[in-house]
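Peer 1: Sequence:
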Amino acid sequence: MAAFPRRTPIGVAWMDFGNVAATPLIRSDAFRVLLDDLGKRGIGTNDCPFTDRDPPFSSVILAQDSGTRTIIHCNKDYPQTTYEDFSKIDLSQYGWVHFEARNTPHTLKMMQSIRDYTQRTGQAIIISLDFETRYEQNQELCAPCDFVVFSKELAGQLGWKTPSESCVELAAKIAGNGPKPVFICPWGSAGAGALDANGNYYEMSSYKQDKVVDTLGAGDSFMAGLIYATLEGRRSLAESVDFANRVASHKITGFGYEHISQLSSSK
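What the sequence shown shows, in UniProt numbering, is residues 1 to 267, in sequence order.
There may be inaccurate statements among the hints.
[Stated by the list, open to error] Derived EDC-like pairs: lysine to aspartate or glutamate, alpha-carbon spacing no greater than 16 Å straight-line:
| hint | residue 1 | residue 2 |
| --- | --- | --- |
| 1 | LYS40 | GLU258 |
| 2 | LYS109 | GLU132 |
| 3 | LYS152 | GLU165 |
| 4 | LYS173 | GLU136 |
| 5 | LYS109 | GLU140 |
| 6 | LYS173 | GLU140 |
| 7 | LYS152 | GLU169 |
| 8 | LYS109 | GLU84 |
| 9 | LYS152 | GLU203 |
| 10 | LYS173 | GLU203 |
| 11 | LYS76 | ASP52 |
| 12 | LYS76 | ASP90 |
| 13 | LYS88 | ASP52 |
| 14 | LYS152 | GLU132 |
| 15 | LYS88 | ASP116 |
In case anyone wonders, no lab produced these hints; they're calculated from the structure.
Using the sequences and the accompanying hints, generate a full structural model.
Peer 2: So this is what it looks like as structure tokens:
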């Protein structure tokens, strides 16, 4: 779970703003490099609980010809963020909180606590959800959100064949006549579709690259681009999704993320 401040610190690169909040971090010296890297980029960890448990790790096998990857993951029952962890956060410092669709009971309570906070204080905090797995178990997480980013792979498992169909089906599952989330479905090389809260649908093309080098983290890059363009850039839904497409497309042209800073945020 990540949270983003109401103001971007002066002097921090456009792609680096934000905080990691309430995500369990590891005290192990072997993983100190991760904390150092976050600190170097101006990403705060003050709201993160720490654990002495053995950390999860992933082995990533990249195919040189296509840039696709196979991930072998081991988490050894690494602890999930709990509602009790989240309740210690000072929400007045945040303008956007982003969740992954997991640990449903606790995540739902976290989302509701944000809505309760907004009702008490009048401070609007945007809630977004990255929805990639376990549709039936996690579907109820959609309703409290402002934005839901739904994976193409999970849509395919449900028999939805296009981003438009996926967005419409997701919106139809939200009960009642109240406001619905914005649903966004990235669709790989076909771009992405988005359905706003009023039922208006937009489809944005992808940005073709001559060579795919590393697709690892493309989805996270898409999400970061969307949040930045919406929260800091104050762009429209279509413009924000288009920018997210650009960020994700540029990310896959190189290893890691350093090269994303070369992408202009003004286009």
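Peer 1: If a hint holds in the structure, say so; if it doesn't, say that too.
Peer 2: Hint by hint, here is what the structure shows:
no.	hint	result
1	LYS40 to GLU258	12 Å, holds
2	LYS109 to GLU132	20 Å, violated
3	LYS152 to GLU165	11 Å, holds
4	LYS173 to GLU136	11 Å, holds
5	LYS109 to GLU140	12 Å, holds
6	LYS173 to GLU140	9 Å, holds
7	LYS152 to GLU169	13 Å, holds
8	LYS109 to GLU84	10 Å, holds
9	LYS152 to GLU203	14 Å, holds
10	LYS173 to GLU203	21 Å, violated
11	LYS76 to ASP52	13 Å, holds
12	LYS76 to ASP90	30 Å, violated
13	LYS88 to ASP52	20 Å, violated
14	LYS152 to GLU132	8 Å, holds
15	LYS88 to ASP116	15 Å, holds
Violated hints, listed in ascending order, are 2, 10, 12, 13; each of the other numbered hints is respected by the structure.
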